[in-house]
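*Asks:* Residues per chain are reported as follows:
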Amino acid sequence: MNYYEHTYIASQSLNNKDLGDLNKKIEELIKKNSGKIEKKEDWGLRQLAYPIKNFKKGYYINLYFSGEPIIVQELEKIERIEPNILRFLTMKIKKIPEESSELMQKEEVK
Amino acid sequence: MKRKNIKKKKQNTNSNLMLFQKATTKFTRDCPLSGKDAPIINYKNLKLLQKYTSETGKMLPSRITSVCYAKQKKLSNEIKKARILALMPFVTD
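Protein sequences appear in the order of chains C and S. Under the working numbering, think of the first position of the first sequence as 1, with each following residue one higher. Under the working numbering, think of the first position of the second sequence as 111, with each following residue one higher.
So that you can see chain C by itself, here it is in the shape it has in the complex (with noise of 0.2 Å):
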């Protein structure tokens, strides 16, 4: 067993629902193969360093899980094909840390 970290951009354009559709979809293909979310991040509405498929802003969000490998072969598969995901960065981490993260801290702040 492993703990990755993922984090995805989805688009600027969708409403809190389907947000929070998008983000259950992801959960819950996490969870159908047998892994476990340990940590979730929302960064929020950022603006973009540089526009991805002319959109300047995006929501960021952040997952730590554990679980096999075949887990992040399916999510990227997925995400591939989904059209309001920008981006999507996948990383074998070692431990998962306890505090959060800067960009979150910035975020509280506001």
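The reader is advised that the hints may include incorrect statements.
Claimed, not checked - Each pair of labels, with its calculated beta carbon distance range:
#1 F55/C x K168/S: 23 to 29 Å
#2 C178/S x K77/C: 37 to 43 Å
#3 E99/C x T202/S: 28 to 34 Å
#4 C141/S x N15/C: 45 to 51 Å
What the hints assert, rightly or not - Computed footprint of chain C on chain S, listed as stretches where at least three residues anywhere in the stretch have a Cβ under 8 Å from a Cβ of chain C:
#5 173 to 187
#6 191 to 203
Said to hold, decoys possible - Computed far set for chain S versus chain C, every beta-carbon distance over 12 Å:
#7 Q131
#8 K132
#9 A133
#10 T134
#11 T135
#12 K136
#13 F137
#14 T138
#15 R139
#16 D140
#17 P142
#18 L143
#19 G145
#20 S164
#21 M169
#22 L170
The hints are simulated quantities; they were obtained by calculation from the structure and are not laboratory data. Where a beta carbon is used, it is the ideal one built from N, C-alpha and C, also for glycine.
Go by the hints and put chain S onto chain C.
*Replies:* Then chain S, alone, in the frame of chain C:
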């Protein structure tokens, strides 16, 4: 340790002759990213990464920033991750 050595040598040499002699020791600075209180290099730590990139978004060479080889490698990897997620620009005009 390095700084102490420099001080000792300066005391030994005659101040008038100092100008004409070649410098025996090169001035070196310790790596700012290694050591006890060094900050953690992570792609989410944007303030740190922006310190080591130029105005146009390129990475600064380690001979200017005096970052050690291992940490420079790690910096470049984390900057690349931040660029993929559009947290940092590839280039700016």
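*Asks:* If you check each hint against the structure, which ones fail?
*Replies:* Hint 5 is the one this structure does not satisfy, whereas the remaining hints hold.
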